[in-house]
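S.K.: The residues making up each chain are set out below.
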Amino acid sequence: MTNTVKEERLKKGLTQVQLAELVGVSRQTIFSIEINKYVPSVVLSIKLAKAFGKKVEDVFKLEAND
Amino acid sequence: MKLLLPHRFKRLGAAMAPLGFLLWLLMQKGYINKLLAYCFGQPVPGDDRTWFQLVNIVAAILGFFALLTGLYFIAFSKEKVEDEMVQSTRLQSFQFAAFLQIIVMIAGFLFVLLAGDPGEGGIMLFFVALVLLFWVAFIGRFNYILHFKYR
Numbered sequence: 006m007t008n009t010v011k012e013e014r015l016k017k018g019l020t021q022v023q024l025a026e027l028v029g030v031s032r033q034t035i036f037s038i039e040i041n042k043y044v045p046s047v048v049l050s051i052k053l054a055k056a057f058g059k060k061v062e063d064v065f066k067l068e069a070n071d
Numbered sequence: 410m411k412l413l414l415p416h417r418f419k420r421l422g423a424a425m426a427p428l429g430f431l432l433w434l435l436m437q438k439g440y441i442n443k444l445l446a447y448c449f450g451q452p453v454p455g456d457d458r459t460w461f462q463l464v465n466i467v468a469a470i471l472g473f474f475a476l477l478t479g480l481y482f483i484a485f486s487k488e489k490v491e492d493e494m495v496q497s498t499r500l501q502s503f504q505f506a507a508f509l510q511i512i513v514m515i516a517g518f519l520f521v522l523l524a525g526d527p528g529e530g531g532i533m534l535f536f537v538a539l540v541l542l543f544w545v546a547f548i549g550r551f552n553y554i555l556h557f558k559y560r
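Going down the list, the sequences are from chains A and B.
Position 48 of the first sequence, counting from 1, maps to 53 under my numbering, and the rest follow consecutively.
Position 147 of the second sequence, counting from 1, maps to 556 under my numbering, and the rest follow consecutively.
In case anyone wonders, no lab produced these hints; they're calculated from the structure.
Cross-link-like lysine to any residue pairs, in silico, SDA-like; alpha carbons within 20 angstroms at most:
id, chain 1, residue 1, chain 2, residue 2
1, A, Lys52, A, Glu39
2, B, Lys558, A, Ala25
3, A, Lys42, B, Leu500
4, A, Lys42, B, Leu555
5, B, Lys489, A, Gln23
6, A, Lys42, B, Asn552
7, A, Lys42, B, Tyr559
If we take Cβ atoms under 8 angstroms as the criterion, some of the chain B residues that face chain A in the derived model are:
id, residue
8, Val490
9, Asp492
10, Glu493
11, Met494
12, Val495
13, Leu555
14, Tyr559
So the derived label-pair ranges between C-beta atoms look like this:
id, chain 1, residue 1, chain 2, residue 2, range
15, B, Phe474, A, Lys60, 52 to 58 angstroms
16, B, Gly531, A, Val22, 49 to 55 angstroms
17, B, Ala424, A, Val47, 38 to 44 angstroms
Backbone N, C-alpha and C fix where the C-beta goes; we use that ideal spot for every residue, glycine too.
With the hints as extra help, turn the sequences into a complete structure.
M.R.: Structure follows, in structure tokens:
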């Protein structure tokens, strides 16, 4: 799965810490999501999409091997 | 999450574990005897004098249980922010530690099979080391992933 969390975060002018506080997770979680090392849960995905004002499927995309 | 201790226990554990290990090591190397002999102006006993032995036993028990309790505090303390990734990493680290322990246990048994019986003391030490290996591997991997790899 790929995501555009970093791009959307930068568009909003947020730091990783600010986004983490916004959605209630640690900065390390945001970092690992951005580098595609961690796949967030449905709840966290929805929270992130809401924080960006986007749909979940616009932020997170399935890859061919998923 | 209900089984986890507050975050402040992590620092307490980080202090207790090495101090406990140091005390146990000093006892094993005979430095407790040397310290007692120096403090009380007596020669280091060649035999098992009661009160020297008693102090050594107390030091060994205190040291070992301080080490175990310290490791428990470190392993089961909450992170500053407890979220799903932290919990996932905690579970993966447990699996890693269990897998490593099994591998070392099999290697140990093969070693005994090929090299011969190390004796009761050697076997006991091996099993104690095996228990410690599990906790050290779990704590090491968990903290490495959270605080170094994904810093």
